[in-house]
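Number of protein chains: 2
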Amino acid sequence: MSGRLSIIGLGPGDDRYLTQEARDALEAAEALYGYGPYLDRVPEREGQPRHPSGNSEEAKRSQAALNRAVEGAHVAIVSGGDPGVFAMAAAVCGEIERGPDEWRAVNVVVVPGITAMLAVAARVGAPLGHDFCAISLSDNLKPWPVIEKRLDAAASGGFVIALYNPISQARPWQLGEAFARLSRHLGPSTPVVFGRALGRAEEAVTITTLQEAAATKADMATLVLIGSPETRLIQREGCAPLVYTPREAAEVPA
Amino acid sequence: MSGRLSIIGLGPGDDRYLTQEARDALEAAEALYGYGPYLDRVPEREGQPRHPSGNSEEAKRSQAALNRAVEGAHVAIVSGGDPGVFAMAAAVCGEIERGPDEWRAVNVVVVPGITAMLAVAARVGAPLGHDFCAISLSDNLKPWPVIEKRLDAAASGGFVIALYNPISQARPWQLGEAFARLSRHLGPSTPVVFGRALGRAEEAVTITTLQEAAATKADMATLVLIGSPETRLIQREGCAPLVYTPREAAEVPA
Numbered sequence: 001m002s003g004r005l006s007i008i009g010l011g012p013g014d015d016r017y018l019t020q021e022a023r024d025a026l027e028a029a030e031a032l033y034g035y036g037p038y039l040d041r042v043p044e045r046e047g048q049p050r051h052p053s054g055n056s057e058e059a060k061r062s063q064a065a066l067n068r069a070v071e072g073a074h075v076a077i078v079s080g081g082d083p084g085v086f087a088m089a090a091a092v093c094g095e096i097e098r099g100p101d102e103w104r105a106v107n108v109v110v111v112p113g114i115t116a117m118l119a120v121a122a123r124v125g126a127p128l129g130h131d132f133c134a135i136s137l138s139d140n141l142k143p144w145p146v147i148e149k150r151l152d153a154a155a156s157g158g159f160v161i162a163l164y165n166p167i168s169q170a171r172p173w174q175l176g177e178a179f180a181r182l183s184r185h186l187g188p189s190t191p192v193v194f195g196r197a198l199g200r201a202e203e204a205v206t207i208t209t210l211q212e213a214a215a216t217k218a219d220m221a222t223l224v225l226i227g228s229p230e231t232r233l234i235q236r237e238g239c240a241p242l243v244y245t246p247r248e249a250a251e252v253p254a
Numbered sequence: 001m002s003g004r005l006s007i008i009g010l011g012p013g014d015d016r017y018l019t020q021e022a023r024d025a026l027e028a029a030e031a032l033y034g035y036g037p038y039l040d041r042v043p044e045r046e047g048q049p050r051h052p053s054g055n056s057e058e059a060k061r062s063q064a065a066l067n068r069a070v071e072g073a074h075v076a077i078v079s080g081g082d083p084g085v086f087a088m089a090a091a092v093c094g095e096i097e098r099g100p101d102e103w104r105a106v107n108v109v110v111v112p113g114i115t116a117m118l119a120v121a122a123r124v125g126a127p128l129g130h131d132f133c134a135i136s137l138s139d140n141l142k143p144w145p146v147i148e149k150r151l152d153a154a155a156s157g158g159f160v161i162a163l164y165n166p167i168s169q170a171r172p173w174q175l176g177e178a179f180a181r182l183s184r185h186l187g188p189s190t191p192v193v194f195g196r197a198l199g200r201a202e203e204a205v206t207i208t209t210l211q212e213a214a215a216t217k218a219d220m221a222t223l224v225l226i227g228s229p230e231t232r233l234i235q236r237e238g239c240a241p242l243v244y245t246p247r248e249a250a251e252v253p254a
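Chains A and B are the protein sequences, given in the same order. Residue numbering for the first sequence follows the numbering used here, starting at 1 and increasing by one per position. Residue numbering for the second sequence follows the numbering used here, starting at 1 and increasing by one per position.
Same shape as in the complex, but just chain A (with noise of 0.2 Å):
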């Protein structure tokens, strides 16, 4: 009988946001795969092999995952956030779908965690409180006219927005550009909020508005949240506004 692969979800930073079951199932894994600053997460254990790759070899790294359940093996794969958010769980169908027969008799267990925008909007209040959205920024995978329907069809909706693979070398305009799209639906005092490296000693997270923010002040790290219409600060002394969207929408948006 084929072996088990699991995809598991640490969350985004550091020990704080992993689950029980993932804490489990890394715990029972035979084998671990994953990108190296995932896997450098995990404490070594004796008898438990790691295969770190590079971040764009999601492809070889499902395959060796795979063909080492199919030998029997329970082996793991983890990811940072949710494996399922824009990761490695959709790579690995990915490769499933395309790969040999002998692939679709592995117990796949994708075990759920974290996602950054999930953790961004905690740290400053309640932005997703109403309907949202989250789109990747990431043009690699689809035609940047896909993404540019998709903002307008989100930010003239009324929808929250969390920008994933907001910008990157090789991606450098886009996140600017999306700013600017989003300019044509929204008003310049709509809350932008930065959330950078979550849980990680260089965390940042910055609120501006989307007339003040920077396609700069963004990188691979950050996920990006962009208000609806109705989202709003709630400013305090002495500490950082409550950013949130109420559950109420009295209105039909023009």
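Simulated from the structure, these hints should not be mistaken for laboratory data. In this text, a Cβ means the ideal position worked out from N, Cα and C, and glycines have one as well. There could be a bad hint or two in this list.
Said to hold, decoys possible - Per the computed footprint, the stretches of chain B lying under chain A, defined by three or more beta-carbons under 8 Å from a beta-carbon of chain A, are: (1) 18–24; (2) 120–126; (3) 153–161; (4) 176–189.
Assemble chain B onto chain A, guided by the hints.
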């Protein structure tokens, strides 16, 4: 000085989804507030009084907890899933916005949790592998036309859709209307997932199609996922199919 109010996400179902941060926050609280069934999931502890309240008493619950925190106590409100997603974090922010100035001095700490759509998605594969949105189908706090507009925007924009609060005794027709509305944009074979009571003994996950999806199969404890035009199934012998949305989107949807 004012005390602290932690708003803690327990995740869906049982303890498997509890994070270390949530565990620590529960431990540190001097008193617990929350909807009765959520409080019941937290083991009782000597010297940690608990204040259960009804499902619709979010305002009163928030006010009671804020008042205790103003007195200097460290209190916590527990929430199922993630408190930032259609839940207590926005309710508390709303009370702070409308309430006395002293509530703004309370140190509000939101502790994120696994929200239902992540848990349901994990159970079936990777349906949220690409751009997606979350919509509450409750028209208690927003007019139905706003919901219709958002369903249109999400489906025509190519988002996978997670429907929260799909149905209740007081709102029996909305989910059927939503399926009909989505059928204007999505093909009859679009995958639909009903995820009920995840992590509990009565857990039930059903994979069907938009054409076959019956609103009567959902209840208050159900999260409904509707695929995008790119979401598909990977059939497997002897076990449930994987539902997944590939990370690649090659075409601009019409």
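The hints, checked one at a time:
no.: 1; hint: 18–24; result: holds (count 5)
no.: 2; hint: 120–126; result: holds (count 5)
no.: 3; hint: 153–161; result: holds (count 6)
no.: 4; hint: 176–189; result: violated (count 0)
Of the numbered hints listed earlier, the single one contradicted by the structure is hint 4.
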